[in-house]
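Participant: With chain B's structure known, arrange chain H on it following the hints.
Residue numbers (my numbering), protein chains in the order written: chain B, 1 to 498; chain H, 1 to 441.
The set of hints was computed from the structure by calculation and includes no laboratory data. Just so it is clear, the structure is predicted and the values come from calculations on it, not from any experiment. Honestly, I wouldn't trust all of these hints.
Result set (DMTMM-like, lysine to aspartate or glutamate): computed pairs, CA atoms no more than 25 Å apart in a straight line [to be verified]: (1) H:LYS432 <-> B:ASP292; (2) B:LYS100 <-> B:ASP70; (3) B:LYS457 <-> H:ASP249; (4) B:LYS442 <-> H:GLU236; (5) H:LYS206 <-> B:ASP70; (6) H:LYS206 <-> B:ASP292; (7) B:LYS81 <-> B:ASP65; (8) B:LYS90 <-> H:GLU236.
Okay, here's what each chain looks like letter by letter:
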Amino acid sequence: MTLSSVKPLDPKEFDERKAQHLLQRAGFGGTTKQAVALSKLGLEKAVEYIVEYNNITDPEPVLLDAYDKDIIRPRTAAERKVALKARQDKDEETVDKLRKERQRRQREDRKQISEMELWWLQRMVSTPRPLEEKLTLFWHGHFATGYRTIEDSYQMYLQNNFFRKNAMGNFKEDLVRGIIHDPAMIKYLNNHQNRKQAPNENLARELMELFTLGEGEGYDEDDIKEGARCLTGYTVEDHDFTFNSRNHDTGQKRIFGRSGYYDGDDFVDLIFTRPNVAKFIVNKLYRYFVNDLPHGKTADSKKFTISISNLLKRKDWELKPILKTIFLSEHFYDDSNMQAIIKSPVQLIVQATRSLNPPQRRKMVQTLAVSADLMGQRLFAPPSVKGWDGGRTWINTSTMFMRQNTLLYLLTGQRPGSASWEADNNQFNGMALVEGNTRDPKDAITFLLTALLNQDKHDRDRVASLENYMKTQNNTINNETVTGLLTLITAMPEYQLC
Amino acid sequence: MSHHHHHEQEDSSSTGSTDAYSRRLFMQQGMAFLSMATTVPMFMQRSAEGIMLPVGSLVSSQAGIPEDHTLVVIQLAGGNDGLNTVIPYGDREYYINRPQIGIKEPGKGDSSALTIPGADGFGLHPNLTGLRNLLDEGQAAIIQGVGYPNPNRSHFTSTDIWHTGNHSGQGYGWLGKYFDNTCEGQPSAVSSIAIGNKAPLALHGKTQKAVNFETEELFKWAGGSVNDDLEIPYDEINRKEIMEAHDRDSQLDFLVRTSLDAQVSSERIRSAVSTRPLVSYPNGKLSQQLQLIGSMIRADLPTRVYYASLGGFDTHANQLNGHANLMQQLGDALNTFQKDLAKQGNTKKVLTMVFSEFGRRVKQNGSSGTDHGTAAPMFLIGDNVQNGLIGKHPSLTELDQGDLKFNTDFREVYSAVLGDFMGADPQAILGKKYKKAEVLT
Numbered sequence: 001m002t003l004s005s006v007k008p009l010d011p012k013e014f015d016e017r018k019a020q021h022l023l024q025r026a027g028f029g030g031t032t033k034q035a036v037a038l039s040k041l042g043l044e045k046a047v048e049y050i051v052e053y054n055n056i057t058d059p060e061p062v063l064l065d066a067y068d069k070d071i072i073r074p075r076t077a078a079e080r081k082v083a084l085k086a087r088q089d090k091d092e093e094t095v096d097k098l099r100k101e102r103q104r105r106q107r108e109d110r111k112q113i114s115e116m117e118l119w120w121l122q123r124m125v126s127t128p129r130p131l132e133e134k135l136t137l138f139w140h141g142h143f144a145t146g147y148r149t150i151e152d153s154y155q156m157y158l159q160n161n162f163f164r165k166n167a168m169g170n171f172k173e174d175l176v177r178g179i180i181h182d183p184a185m186i187k188y189l190n191n192h193q194n195r196k197q198a199p200n201e202n203l204a205r206e207l208m209e210l211f212t213l214g215e216g217e218g219y220d221e222d223d224i225k226e227g228a229r230c231l232t233g234y235t236v237e238d239h240d241f242t243f244n245s246r247n248h249d250t251g252q253k254r255i256f257g258r259s260g261y262y263d264g265d266d267f268v269d270l271i272f273t274r275p276n277v278a279k280f281i282v283n284k285l286y287r288y289f290v291n292d293l294p295h296g297k298t299a300d301s302k303k304f305t306i307s308i309s310n311l312l313k314r315k316d317w318e319l320k321p322i323l324k325t326i327f328l329s330e331h332f333y334d335d336s337n338m339q340a341i342i343k344s345p346v347q348l349i350v351q352a353t354r355s356l357n358p359p360q361r362r363k364m365v366q367t368l369a370v371s372a373d374l375m376g377q378r379l380f381a382p383p384s385v386k387g388w389d390g391g392r393t394w395i396n397t398s399t400m401f402m403r404q405n406t407l408l409y410l411l412t413g414q415r416p417g418s419a420s421w422e423a424d425n426n427q428f429n430g431m432a433l434v435e436g437n438t439r440d441p442k443d444a445i446t447f448l449l450t451a452l453l454n455q456d457k458h459d460r461d462r463v464a465s466l467e468n469y470m471k472t473q474n475n476t477i478n479n480e481t482v483t484g485l486l487t488l489i490t491a492m493p494e495y496q497l498c
Numbered sequence: 001m002s003h004h005h006h007h008e009q010e011d012s013s014s015t016g017s018t019d020a021y022s023r024r025l026f027m028q029q030g031m032a033f034l035s036m037a038t039t040v041p042m043f044m045q046r047s048a049e050g051i052m053l054p055v056g057s058l059v060s061s062q063a064g065i066p067e068d069h070t071l072v073v074i075q076l077a078g079g080n081d082g083l084n085t086v087i088p089y090g091d092r093e094y095y096i097n098r099p100q101i102g103i104k105e106p107g108k109g110d111s112s113a114l115t116i117p118g119a120d121g122f123g124l125h126p127n128l129t130g131l132r133n134l135l136d137e138g139q140a141a142i143i144q145g146v147g148y149p150n151p152n153r154s155h156f157t158s159t160d161i162w163h164t165g166n167h168s169g170q171g172y173g174w175l176g177k178y179f180d181n182t183c184e185g186q187p188s189a190v191s192s193i194a195i196g197n198k199a200p201l202a203l204h205g206k207t208q209k210a211v212n213f214e215t216e217e218l219f220k221w222a223g224g225s226v227n228d229d230l231e232i233p234y235d236e237i238n239r240k241e242i243m244e245a246h247d248r249d250s251q252l253d254f255l256v257r258t259s260l261d262a263q264v265s266s267e268r269i270r271s272a273v274s275t276r277p278l279v280s281y282p283n284g285k286l287s288q289q290l291q292l293i294g295s296m297i298r299a300d301l302p303t304r305v306y307y308a309s310l311g312g313f314d315t316h317a318n319q320l321n322g323h324a325n326l327m328q329q330l331g332d333a334l335n336t337f338q339k340d341l342a343k344q345g346n347t348k349k350v351l352t353m354v355f356s357e358f359g360r361r362v363k364q365n366g367s368s369g370t371d372h373g374t375a376a377p378m379f380l381i382g383d384n385v386q387n388g389l390i391g392k393h394p395s396l397t398e399l400d401q402g403d404l405k406f407n408t409d410f411r412e413v414y415s416a417v418l419g420d421f422m423g424a425d426p427q428a429i430l431g432k433k434y435k436k437a438e439v440l441t
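Next comes chain B alone, as it looks inside the complex:
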């Protein structure tokens, strides 16, 4: 179906550069070879390949029993009895033993969440289905939940898999309805404490403000209070959602001017009758996939997002058709939208790893996870329920150096963030990246600038600086000098864009 303002790109214009753009935005970028291969598929098939990722076998399917689900678990009846008795008897020794046991479990659980963090980062680097991970990361930032608050790694893991499983599902039925049944979210926003006798409004408020409608868009404080009543009794038992009917407020509620004996699921249905839902989520997807609009909307982006919002409503909140439409559109490939988004720390790291193919270094994923944290993004630990602000907030003078030095680490093995620069022996294969452009330094420079910055024309000053560097190396093209060129290109301000 064609919409006037979301005209598809003329397939003839789908070249390597546009294919690389698609790889970067719908995933984490790729090598020049991958971009060439994708462009040869042609626009339609390329988008099909990226979006229909379920057709690609997952070499490492996510297993629910990959992690210990019992590190943090509620005490058994017998254990509770022992603890109670010790407290009553002022049996300090037992109380202390129990406290130490709890602290031991907490330490072990923190270790497990770190392992999960590395696992996910590694998965983003190696997956043949990058859009799946890119969307999982999007939902993690949208329905942001932090480990620090819930202190239960397995629930974070379950939530992560919930996002992955429904990454491109139905926004209303799978994602929003799912999230009010999600144990991690319920705990994070205190809905397990939301009882008829003592309502807690946290989930009801964020459900509208941050997840579906936007702040103050089509609801008021009374709707929040009444929504909270609907969600009473939506709680967690061990790692599962459970509905506690004793704590549920069965009375009549009045929301958005309608009255009824609503529960939490009815509340979701009611929210989706509000006009702003489609616009809200489409704007957020637009900022993530198309352009993060540091100066607000442009006339073109406004028209485009309105059309996509209408499409989302017509498709009954199915996400796949709108993603396809976006990735096929002329607007998506417009010059103003290419190299226009500031890479998140995770994007920077994963894209660099996928496109530069550095050798496996000792504790590399750990090092990269620490770097991402220092650049402001730690997986499973968004700063608040608002998620990461993204865009220009990623960048300041300190993170700028951190970004450049992290790339230096990937290329040379020198570790960022540690006082001593220890290099390891795994050498980077820079020659593989110049793909035969080994005779003339000018060719090598042009080739690398194109590959790394996805530009079609290059700034003369930049080229001159790189050429001057090559002159200091007697214009010899070898692994060392190519690596030198790469450290310079990845230290360019424009390398922070994708």
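Facilitator: Below, chain H without anything else, positioned relative to chain B:
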């Protein structure tokens, strides 16, 4: 150039004053100095935008407060045991609750508390000799029982509460908001500097971004250590505007200017800390940080807020030795830092504030340690403080869930510092009016 003065005179419609002119001139000179074509570093642009804002949107500055006043904030991370820092030795409840870890009253042999002049019944941890020295010199205010209502005992949440100054712990940092709200005297990319691998939330504002680094050597690109020949092209790349025409304030322009900021601040900071300090600092993490800060103050960087932190205060088990080491480090570092400032002649312009996210439980636990608690003392160090023990010590018997009840809200201390030392309007920053704690002179 008195920018504050400028705001008092100017009405909201006029921006064409001589000050604006001289600022333009300054920017031109600055750019010539940096040998740039048309790229304005971020910090200059930000201040240029500051001029354009209507006066009402800025916090008016107060007359009589010098613009070079500098605040140094030190966080004791993990929750410092306030009751073993300022010892209520006159209260037998203290010893009843802490049979193994209580500090002996002054004069009772080894490791007994230090006296506090004029404060009977209260002493200092025996290793806080440095702090005791500062008291003798009239440079230390010890504010007792500082906390906030409905205390949160999670490290993270309570830290966020102290950093933001509001109970949700959400939003921007109190010092970040100070910069957001206050028109500064000098434009600078280095208005606030945190020593550490992450800038603390306290310094994070809407527009204000702190510089942070663990050691100055990490606050730069390290490519030169791979190959010297990379330095020149790197400098060209990160200091020059790219020639291709691009929109002012496009994403690329923003990145180019931030990168330029980074180069300029890195150079200034590294040159500042390359000098030998005037006094010799003891070993220890906090000392190292304060030594760096001392050098930067001496070099007259236009930095108004420095942030340092010392970890290890989460003393759940066998705390006596570990806590004693921390107390030694803390007292010695503060004392040496103050000596350094005195030699520099900077004690008047610098105020140091020490806090922790919470104190600890009155009663020791079963492992000769203490669990997370609530109210604890704060210190202010400098020429302008009310020297001595300030405020009431919380009762050891009237407790809230086994924890001390606070007497002074930490935001009353912030209000005093913001209002009387930094020359800002505390209410505009904290979002609420708090009475100013009487801690400064």
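Participant: Hint by hint, say whether it matches the structure.
Facilitator: Going through the hints against the structure:
1. H:LYS432 <-> B:ASP292: Violated, at about 34 Å.
2. B:LYS100 <-> B:ASP70: holds, 17 Å
3. B:LYS457 <-> H:ASP249: holds, 21 Å
4. B:LYS442 <-> H:GLU236: Roughly 18 Å separates the two Cα atoms, so the pair holds.
5. H:LYS206 <-> B:ASP70: violated, 41 Å
6. H:LYS206 <-> B:ASP292: holds, 18 Å
7. B:LYS81 <-> B:ASP65: Outside the cut-off at roughly 30 Å; violated.
8. B:LYS90 <-> H:GLU236: With Cα atoms ~70 Å apart, LYS90 of chain B and GLU236 of chain H exceed 25 Å; violated.
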